[in-house]
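In the numbering used here, the protein residues as written are 2 to 454.
Any given hint could be a false lead.
[Unchecked claim] Heads up, simulated DSS-like pairs for lysine-lysine below, C-alpha to C-alpha not over 30 Å straight-line: (1) Lys137 <-> Lys147; (2) Lys159 <-> Lys147; (3) Lys387 <-> Lys372; (4) Lys372 <-> Lys90; (5) Lys362 <-> Lys401; (6) Lys401 <-> Lys389.
[Unchecked claim] Derived CB-CB ranges, DEER-like: (7) His249 <-> Leu379: 41 to 51 Å; (8) Leu379 <-> Thr118: 42 to 52 Å; (9) Asn116 <-> Ile426: 43 to 53 Å; (10) Tyr130 <-> Asn68: 21 to 31 Å; (11) His249 <-> Met75: 23 to 33 Å; (12) Thr394 <-> Glu78: 45 to 55 Å; (13) Tyr130 <-> Thr229: 24 to 34 Å; (14) Ser107 <-> Pro291: 28 to 38 Å; (15) Tyr130 <-> Ile275: 32 to 42 Å; (16) His303 <-> Glu78: 24 to 34 Å.
If you are wondering where the hints come from, they were derived from the structure by calculation, not from laboratory data.
Here a beta-carbon is modelled for each residue, glycine too, at the ideal position from N, C-alpha and C.
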Amino acid sequence: MSCRHPSAVLRLIPIPIVLVIYCIFVQNRTHDGVTTSRVSQWVSTKTGISSSNLTALKSTFSHGIENFRTDLAMAPEDARPRTAHIEIKDGHPTSQETTFEPFAISKTPLSRLVNFTEEQEISVMRSHYLMRTSAKRLAPQLTFAKDAQGIVTTANAKYMPILLVSLRMLRRTGCQLPVKFVLTVTTSYQFKPFAILFSSFQHASFLDIDAFPAHNPTSPLITPPYTTHGLVLWPDLFGLKISEHYYHITCSPHEPPSARPSTESSNILLNKAIHCESLLMMVYYNYHGPDYYYPLFLQGSHGAGDEETFAQATIAGGEYRLSGLAQMDPRSDFVYRPPSKSHIHGNDQWDGFDELAEEPKPLFVHQNMDKLDPKKILDMNESTAKRKDGKYTRLWGEVKGIVEMFGYDVDRRMWKAVLEEYCRIDGVSETCASLRVYYTEVFLAVNGSDSLA
Numbered sequence: 002m003s004c005r006h007p008s009a010v011l012r013l014i015p016i017p018i019v020l021v022i023y024c025i026f027v028q029n030r031t032h033d034g035v036t037t038s039r040v041s042q043w044v045s046t047k048t049g050i051s052s053s054n055l056t057a058l059k060s061t062f063s064h065g066i067e068n069f070r071t072d073l074a075m076a077p078e079d080a081r082p083r084t085a086h087i088e089i090k091d092g093h094p095t096s097q098e099t100t101f102e103p104f105a106i107s108k109t110p111l112s113r114l115v116n117f118t119e120e121q122e123i124s125v126m127r128s129h130y131l132m133r134t135s136a137k138r139l140a141p142q143l144t145f146a147k148d149a150q151g152i153v154t155t156a157n158a159k160y161m162p163i164l165l166v167s168l169r170m171l172r173r174t175g176c177q178l179p180v181k182f183v184l185t186v187t188t189s190y191q192f193k194p195f196a197i198l199f200s201s202f203q204h205a206s207f208l209d210i211d212a213f214p215a216h217n218p219t220s221p222l223i224t225p226p227y228t229t230h231g232l233v234l235w236p237d238l239f240g241l242k243i244s245e246h247y248y249h250i251t252c253s254p255h256e257p258p259s260a261r262p263s264t265e266s267s268n269i270l271l272n273k274a275i276h277c278e279s280l281l282m283m284v285y286y287n288y289h290g291p292d293y294y295y296p297l298f299l300q301g302s303h304g305a306g307d308e309e310t311f312a313q314a315t316i317a318g319g320e321y322r323l324s325g326l327a328q329m330d331p332r333s334d335f336v337y338r339p340p341s342k343s344h345i346h347g348n349d350q351w352d353g354f355d356e357l358a359e360e361p362k363p364l365f366v367h368q369n370m371d372k373l374d375p376k377k378i379l380d381m382n383e384s385t386a387k388r389k390d391g392k393y394t395r396l397w398g399e400v401k402g403i404v405e406m407f408g409y410d411v412d413r414r415m416w417k418a419v420l421e422e423y424c425r426i427d428g429v430s431e432t433c434a435s436l437r438v439y440y441t442e443v444f445l446a447v448n449g450s451d452s453l454a
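Construct all of the structure, not just a fragment, from the sequences and the given hints.
Below is the structure:
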């Protein structure tokens with residue numbers, strides 16, 4: 002133990018915490034006019050991959066999982082880089098440096114590490130190799146319920162109302178999948194990969210609590226690209242910001258900034274039977290994220306966190322194939338389509354049947370700019386929901402564009418769920434009163450009556 006880093010004990014804290022996973026099952030039902038949230042056992046999905054109940058899932062586990070958890074708890078610590086923490090330059094990269102420019106093939110990769118020596122790189126490389134070896138050994142020991150599918154998320158007490166809003170949105174899409182969430186008691190650790198790892202689902206669909214389902218997320222789990230690749234990630238708004246040193250450390254192919262956008266971590270579809278080894282590397286990257294891998298992946302960019310760790314874990318494991326990365330429904334986005342019309346191939350070169358018949362619809366809406374705290378959003382002047390003159394406005398855009406994009410008014414559905422949940426918690430609170438005023442002014446005054454009783 003004397004050779005271990007002094008923070009070893011503290012670093013091991015999240016693993017036993019994560020093992021206490023709270024499971025909630027919300028029965029699928031008609032929600033029009035419903036003002037209270039009733040928690041009950043979910044109804045099994047009859048088609049596609051089976052969704053067994055919790056008792057059946059637990060019955061598939063063996064005592065070997067205890068040994069696996071013990072080994073897993075030590076592997077990231079045994080593979081701790083034996084070098085100083087990676088430092089980056091003060092401030093943030095410029096917008097030009099972080100903009101995704103697919104045609105700028107000569108764009109210089111971001112380089113903001115401070116005094117990162119060859120000795121440091123070798124030390125991190127050796128530790129990374131040790132974890133890769135451990136991941137290969139541990140991956141076959143991971144236990145999960147074969148063919149089970151479900152949704153995984155994390156939340157703390159502060160954001161519990163937002164989680165319940167997200168669940169209301171989920172059930173109103175018709176989704177019957179079971180939902181498991183990790184109730185966190187600290188913000189010092191990244192629990193996302195642990196939540197996926199320790200869920201009993203083979204097919205795990207991770208949703209951030211502020212990634213609101215706009216359509217039923219069940220079908221993407223039983224259609225390509227998920228069924229052909231076992232992993233679906235969605236792109237972020239920015240380009241790659243990964244240090245070139247990372248590719249030296251992992252001995253993986255270099256990706257230029259123009260290769261693809263960076264990835265989001267608010268929505269993840271993952272098949273443990275295929276990507277178990279990568280999942281363990283995701284745990285490792287986030288375990289040592291603040292000190293080593295976040296600087297390597299994001300180099301001080303705004304909101305630096307876990308977002309690039311999931312894609313890079315699959316690349317390091319040799320399991321990554323670029324496909325299905327879309328903000329939209331990955332089923333339609335993955336389908337091969339004819340090339341777009343251009344200055345070379347004009348309108349007269351294209352027949353109607355060659356053109357894209359229907360644009361992919363968004364599957365989720367990630368409210369990542371301002372967290373959906375209604376008290377904060379509705380009280381803040383010039384917020385996304387309040388104009389400079391103090392009048393309320395729609396959060397996600399004009400109704401015509403929203404209906405064209407989603408097929409219905411998802412903005413209104415979301416705010417109705419917010420109103421129901423916060424007024425269920427305290428029907429006479431100031432927040433509930435503000436929500437009623439907002440909903441009436443923005444939606445009812447224009448679109449007519451609605452059931453708010």
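These are the hints, each one checked on the structure:
1. Lys137 <-> Lys147: 20 Å, holds
2. Lys159 <-> Lys147: Violated: lysine 159 and lysine 147 sit about 34 Å apart, past 30 Å.
3. Lys387 <-> Lys372: 15 Å, holds
4. Lys372 <-> Lys90: Roughly 28 Å between the alpha carbons, so the hint for lysine 372 and lysine 90 holds.
5. Lys362 <-> Lys401: 15 Å, holds
6. Lys401 <-> Lys389: Roughly 23 Å separates the two Cα atoms, so the pair holds.
7. His249 <-> Leu379: 41 to 51 Å: 49 Å, holds
8. Leu379 <-> Thr118: 42 to 52 Å: Given range 42 to 52 Å: holds, Cβ gap about 51 Å.
9. Asn116 <-> Ile426: 43 to 53 Å: Because 51 Å falls inside the window, the suggested range holds.
10. Tyr130 <-> Asn68: 21 to 31 Å: 23 Å, holds
11. His249 <-> Met75: 23 to 33 Å: 27 Å, holds
12. Thr394 <-> Glu78: 45 to 55 Å: 50 Å, holds
13. Tyr130 <-> Thr229: 24 to 34 Å: Holds, at about 30 Å.
14. Ser107 <-> Pro291: 28 to 38 Å: 32 Å, holds
15. Tyr130 <-> Ile275: 32 to 42 Å: Once the Cβ atoms are compared, 22 Å apart, the range 32 to 42 Å for isoleucine 275 and tyrosine 130 is violated.
16. His303 <-> Glu78: 24 to 34 Å: Holds, since histidine 303 and glutamate 78 (Cβ atoms, about 30 Å apart) stay within the stated range.
Of the numbered hints given earlier, the model fails hints 2 and 15; all others are met.
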